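Engineer: First to last, the protein sequences are chains A and B. Each residue of the first sequence is one higher than the one before, starting from 0 at the first, in numbering that gives the first Met the number 0. Each residue of the second sequence is one higher than the one before, starting from 0 at the first, in numbering that gives the first Met the number 0.
Since the hints were derived computationally from the structure, they do not count as laboratory data. Just to be clear, a hint being listed does not mean it is correct.
Said to hold, decoys possible - With a straight-line Cα cutoff of 27 angstroms, these simulated DSS-like cross-link-like pairs (lysine-lysine) come out:
no., chain 1, residue 1, chain 2, residue 2
1, A, K37, A, K139
2, A, K37, B, K18
3, A, K139, B, K18
4, A, K139, B, K25
As the list claims (entries may be wrong) - Estimated spans, in silico, between C-beta atoms of each pair:
no., chain 1, residue 1, chain 2, residue 2, range
5, A, Q119, B, P48, 30 to 36 angstroms
6, B, Q9, A, D113, 39 to 45 angstroms
7, B, G27, A, R141, 21 to 27 angstroms
8, B, Y62, A, V73, 31 to 37 angstroms
9, B, G11, A, P47, 30 to 36 angstroms
10, B, E12, A, Q119, 41 to 47 angstroms
11, B, M0, A, D102, 26 to 32 angstroms
12, B, P61, A, Q24, 27 to 33 angstroms
13, A, T122, B, P48, 23 to 29 angstroms
14, B, I45, A, S70, 25 to 31 angstroms
Claimed, not checked - Stretch by stretch, here's where chain B covers chain A in the computed footprint (C-beta under 8 angstroms, at least three residues):
no., region
15, 11 to 25
16, 74 to 81
17, 138 to 145
Quick caveat, the model's predicted, so the values are computed rather than measured. Using N, Cα and C, we set each Cβ at its ideal position, and we do this for glycine too.
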Amino acid sequence: MHEEDLTQVMRRVELFRGLSQAQLQRIANISAREVYGKGDTICTQGSPGDRMYIISHGQVEVVVRDRSGESYPVLYLGQGQVVGEMALIDQGVRSASVIGADDNTIVYSIPNEDFTQLCQTDTAIGYVMMRNLAQDLSFKLRHRDS
Amino acid sequence: MIYKVSYVVQGGEYPGGIKNESERPKVGDIVQVGPMMFEVMEIQEIMPPRDDFQFLHATIRPYRTGVESRN
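Produce the entire structure from the sequences given, and follow the hints as far as they go.
Structural biologist: Below, the structure written as structure tokens:
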């Protein structure tokens with residue numbers, strides 16, 4: 000997808016709410032488009048969390064493996080949602096695996112290192128996105144507690 | 000307006016989901032969450048709107064067609 004089109008996608012993602020076109024373009028410049036099929040692994044529980052993902056098309060399944068080794072889906076995330084953002088915040092390992100739930104699932108990955116560097120050079124982006132990330136986590140907690 | 004919807008399955012047997020919708024879901028709508036279809040039972044606003052985003056909570060239950068429900 001052309002970068003100009005990516006900024007249009009980003010306008011429909013709450014994570015980027017409040018950012019200008021120029022700021023969206025700077026984030027688009029560090030984002031990579033990835034396409035997954037149904038059942039494809041996007042990231043694995045326990046692995047280092049080095050990037051977050053924005054779901055542009057399709058759905059992903061968030062799967063947790065418990066201490067007994069049994070795996071089960073805990074959440075489905077669709078268009079406009081963010082996944083893998085916890086590692087960006089706490090720099091821990093992945094707390095769950097993320098699997099493509101539809102064929103032609105399109106995500107944009109944003110590497111933690113590039114994102115952190117961008118936030119340091121443009122603190123306004125850092126403030127807005129960290130605020131939006133906190134609100135997204137709050138929404139997910141409300142969902143889980145329902 | 001973009002509707003960010005938390006879909007929670009009645010009874011807790013299936014995992015729910017979160018996704019953005021371009022139209023506000025209504026009671027009786029059929030929605031796909033993961034591989035399954037569900038019927039919307041109830042809609043609530045869970046946070047005040049911010050800019051172009053509204054934040055909704057939808058209670059859903061597995062959708063069965065008339066043919067399936069007779070079996």
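Engineer: I'd like to know which numbered hints this structure contradicts. Please list them from smallest to largest.
Structural biologist: Failing hints, ascending: 8 and 12.
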